[in-house]
Structure formats: structure tokens, C-alpha cells
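S.K.: Assemble the complex: chain A is given as a structure, and chain B must be docked to it using the hints.
Protein chains: 2
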Amino acid sequence: MHKVVDVELGVDILAANKRIAEENADVLKGHGITSFDFVGSIGSGKTLIIEAIIEELKKRPGKGPKVACIAGDVAGDDDYRRFKKHKVMAENLNTEKECHLDAHLVSHALEHMDLKNIDVLFIENVGNLVCPTDFPLGAQKRVLVISVTEGDDMVRKHPLIFRLSDIIVINKVDLAKIMEVDPKGLVKDVRKVRPDAKVFMTDARHGTGIKELMKAMGL
Amino acid sequence: MHKVVDVELGVDILAANKRIAEENADVLKGHGITSFDFVGSIGSGKTLIIEAIIEELKKRPGKGPKVACIAGDVAGDDDYRRFKKHKVMAENLNTEKECHLDAHLVSHALEHMDLKNIDVLFIENVGNLVCPTDFPLGAQKRVLVISVTEGDDMVRKHPLIFRLSDIIVINKVDLAKIMEVDPKGLVKDVRKVRPDAKVFMTDARHGTGIKELMKAMGL
Numbered sequence: 036m037h038k039v040v041d042v043e044l045g046v047d048i049l050a051a052n053k054r055i056a057e058e059n060a061d062v063l064k065g066h067g068i069t070s071f072d073f074v075g076s077i078g079s080g081k082t083l084i085i086e087a088i089i090e091e092l093k094k095r096p097g098k099g100p101k102v103a104c105i106a107g108d109v110a111g112d113d114d115y116r117r118f119k120k121h122k123v124m125a126e127n128l129n130t131e132k133e134c135h136l137d138a139h140l141v142s143h144a145l146e147h148m149d150l151k152n153i154d155v156l157f158i159e160n161v162g163n164l165v166c167p168t169d170f171p172l173g174a175q176k177r178v179l180v181i182s183v184t185e186g187d188d189m190v191r192k193h194p195l196i197f198r199l200s201d202i203i204v205i206n207k208v209d210l211a212k213i214m215e216v217d218p219k220g221l222v223k224d225v226r227k228v229r230p231d232a233k234v235f236m237t238d239a240r241h242g243t244g245i246k247e248l249m250k251a252m253g254l
Numbered sequence: 036m037h038k039v040v041d042v043e044l045g046v047d048i049l050a051a052n053k054r055i056a057e058e059n060a061d062v063l064k065g066h067g068i069t070s071f072d073f074v075g076s077i078g079s080g081k082t083l084i085i086e087a088i089i090e091e092l093k094k095r096p097g098k099g100p101k102v103a104c105i106a107g108d109v110a111g112d113d114d115y116r117r118f119k120k121h122k123v124m125a126e127n128l129n130t131e132k133e134c135h136l137d138a139h140l141v142s143h144a145l146e147h148m149d150l151k152n153i154d155v156l157f158i159e160n161v162g163n164l165v166c167p168t169d170f171p172l173g174a175q176k177r178v179l180v181i182s183v184t185e186g187d188d189m190v191r192k193h194p195l196i197f198r199l200s201d202i203i204v205i206n207k208v209d210l211a212k213i214m215e216v217d218p219k220g221l222v223k224d225v226r227k228v229r230p231d232a233k234v235f236m237t238d239a240r241h242g243t244g245i246k247e248l249m250k251a252m253g254l
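Protein chains in written order, with this note's numbering: chain A, 36 to 254; chain B, 36 to 254.
The set of hints was computed from the structure by calculation and includes no laboratory data. Mixed in with the good hints there might be a few duds.
For identical chains, the list gives no copy identity; a pair is met inside one copy or between any two copies.
Said to hold, decoys possible - Calculated lysine-lysine pairs in the BS3-like style (CA-CA distance at most 25 Å, straight line): (1) K98 with K120; (2) K132 with K223; (3) K53 with K132; (4) K151 with K98.
So here's chain A without its partners, still in its complex pose (with noise of 0.2 Å):
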């Protein structure tokens, strides 16, 4: 039974995440702000892609665009603070006991944020490929970044996170020969579940492939 109360409760709430995620679009568009949501499992690399995408624009005439980071994690501060390092706007938001970002959370962090002063905005999501999946934010595009270490099974395992994001890109690919996992065979899952997808390989660490994600990101 209980089956049941859950999923007419989880309609309601997931129209009720669709309405406001609407409002931040509009907020963020008025404001002319670019927007991400970066979505992945803990460890794919996602705080260090930002990360790179933040120094690649740092190095543009006048110092390049002005970012601010959302930092989501269920609990700590770790990566609210790497992002500070790079001198850049950021608000830190735990979800405390839930899995994902939602649209609520994400206004309330907006309102905190001097939206003037934004061009770019980079919400990071909480690290899980199942939960953030049915909640947007608001954001203009969705990035999905997942890793060689994540397993060659993986795609499999999360079709519709992939079928919901606007880029994907595979990480750590310099860990592909070592992790003993074939990019290419991600990437051919990838094309099964989303044959129009836009897949990037990078290798964060190093600063392999950030360029060209950041183009397709029109940054």
C-alpha cells in the first residue's frame, strides 16, 4: 500500500520542483546569468571540472566572466571551500539527509547571491546517479559527468540520467587502460540510450579535453 501513497505524493512534488525551477530559470535569465547543473556520482570529477572551466575563464582578457558555484552535498563544506580558492562567489548547501538538489533549495540559495554579479553560474549537484535525475533546477543545461573508475556496466545501470542530461562527459579517461575499461564502450552505451548526446572524454587532472567541453558548453 504504502507503494501507492508514494507515488501520488512524488507527482506532486515533482510538479511542485517543475514550477519553481521554472521561477529560477526565469530569475537566472533576467539576470542574463548562464546557468549548469552539474550532476554525477561522488568521485566522478565533477568539482574539478569546475574547477578547470573556472581557471581556463580567469585567463580571459579583463579577467573573464564573472562565476558563482552552488556547492550541494548532503553534509561538509569540502568542496564549497575548494571553490572559495578560486576567488570566486559560492554558497554551500547540504541537503542534510536527501540525495539531490531540488529547485526550493537552489531558489533559496539565489536569494542569498548578489545576481548582478553573476555571468556564469555553476550548481553542483549532490553526488548520486539515480535521485537528481526527475529534479530540475532551473539551470540552462544539464552535465553529466561520469568516470572510467565508475565501472564499463554503469550506463546500463542509470539509462535515464543520461536520457535527461545535455552533456555528458566521461572523465578520468587517463585511468581507462589502468581501470582496465574501455571508453569508447561507455560511449557507445551512451549512444543507445541517447543517440544525439553530446559526449566529451576528459581528464581533469590534467586539463585533457576541458576546451572543448567548455565550447560545447558555449563558454
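M.R.: Then chain B, alone, in the frame of chain A:
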């Protein structure tokens, strides 16, 4: 408002899950089955560790105890097929959209299994460090598998599941140096949230640490 509804329903579901978990525990105990709930993020090495334990058990006189596995995943049957290759009894449990197994799903899997012919049961939960936390399944012990590829901050980000696991395994220690992660730092973080935890280091790909882990599991 939806937050209040969520919490109230949550408590009911958790209470119902706990009750069914106790029923599962009784069923397993009644059949003299030693049982384990393996939790951990995707790619941490849960399946490989269970496979390594199965092969170790097979070396025993009389081919060792009779093993069964329940492979929990959102989608697909990759892990189920891996278990079947070891000629053990196996059930595939797809949660479809749910981010964790629950006691109710496991009770149905148990209905399909020949419990009289099982000595040791491994239940492999969905790859997720948040959602399985509050859902005991009825297994005697919970084994949490993390890996050095998940970053040096992962304990701080997910303290709760460490508190609610009996045995903690740090896997892929052979990659610690290349990942620039110090396993001792992870152990230190684990000790902060669980001073009494049994912590083991393994490299399941090369069989390192498996026997020590089995001893702690009473196998």
C-alpha cells in the same frame, strides 16, 4: 509545505520497512542463513569483492558453504550475470526508479529462492551512498564498500551511512598513489564518525585483503 508531508510519510515508510526487515531477519535466521547487505557507491567494487569471497569459499573442503546473491540495481542485469558465472544461486532485483533496495523488495526475492539450500546470502544494494542508509533489509551485517577513486572527502560528505554500517571496506588501495588519495586519511575520517568501526583495506582485483575481510565477516 511539501516538506512536512514528506517527513511524516517518511516516518511511516521507515517504520514499515523496519518491520519487514525484522520479518526477513527471522526468515533468514530460521533457515540458518548468514546474511550481508553490501552498500556503497557505483564502482566502489561491491560486486568484485563478493565475487572474490565466493571464489575463496569454493576452495574449502566440500566446495564450501552454499552461496546465494541478490543483485540490486536500478536497471539491467550486469551484476546478476556476473554472480551466475560463479555457479551460485542468484536473483536480479531492479528497482526501476528507486535509489535503494527496501525490505519489501528483498522479501519478494526471498520468496523466489530455495532458502533451504543457502548457507550464506549476499545482498548487493543499489550503488548509492545516501539512500540505502535508513533502509535495513534484514541482513545480519551491513558491509560498506568505498574506494580511493571516490576522493579524499567522501566520508565527510556522507557520515550517516558510516555510522549505520558494521564493517567498512576501503577498496582499490592499489590506486591510492595514482589517485593522490591517502587511505589513512579516509580511515581517520571514518574513526571520527565511528570510533569502533572495523575498517579493512582491499584491492579486490588482485585479491588483497579479502581473507582478512572474510574473517571479520565470520566467514
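S.K.: With identical chains, the pair K151 and K98 could be close in the same copy or across copies; at 25 Å between alpha carbons, which is it: within, between, both, or neither?
M.R.: within (17 Å within a copy, 69 Å between copies)
S.K.: Regarding K132 and K223, is the shortest C-alpha distance of 25 Å or less found within a copy, between copies, in both, or in neither?
M.R.: Classified as between: cross-chain Cα gap 23 Å, same-chain 35 Å, threshold 25 Å.
S.K.: I want to check one pair: K98 and K120. Are their C-alpha atoms no more than 25 Å apart within a copy, between two copies, both, or neither?
M.R.: Intra 16 Å, inter 56 Å, cutoff 25 Å: intra-copy only.
S.K.: From the Cα coordinates, with 25 Å as the cut-off, is the pair K53 and K132 best called within, between, both, or neither?
M.R.: both (21 Å within a copy, 18 Å between copies)
Against the hints set out earlier in the document, no violation occurs for any number.
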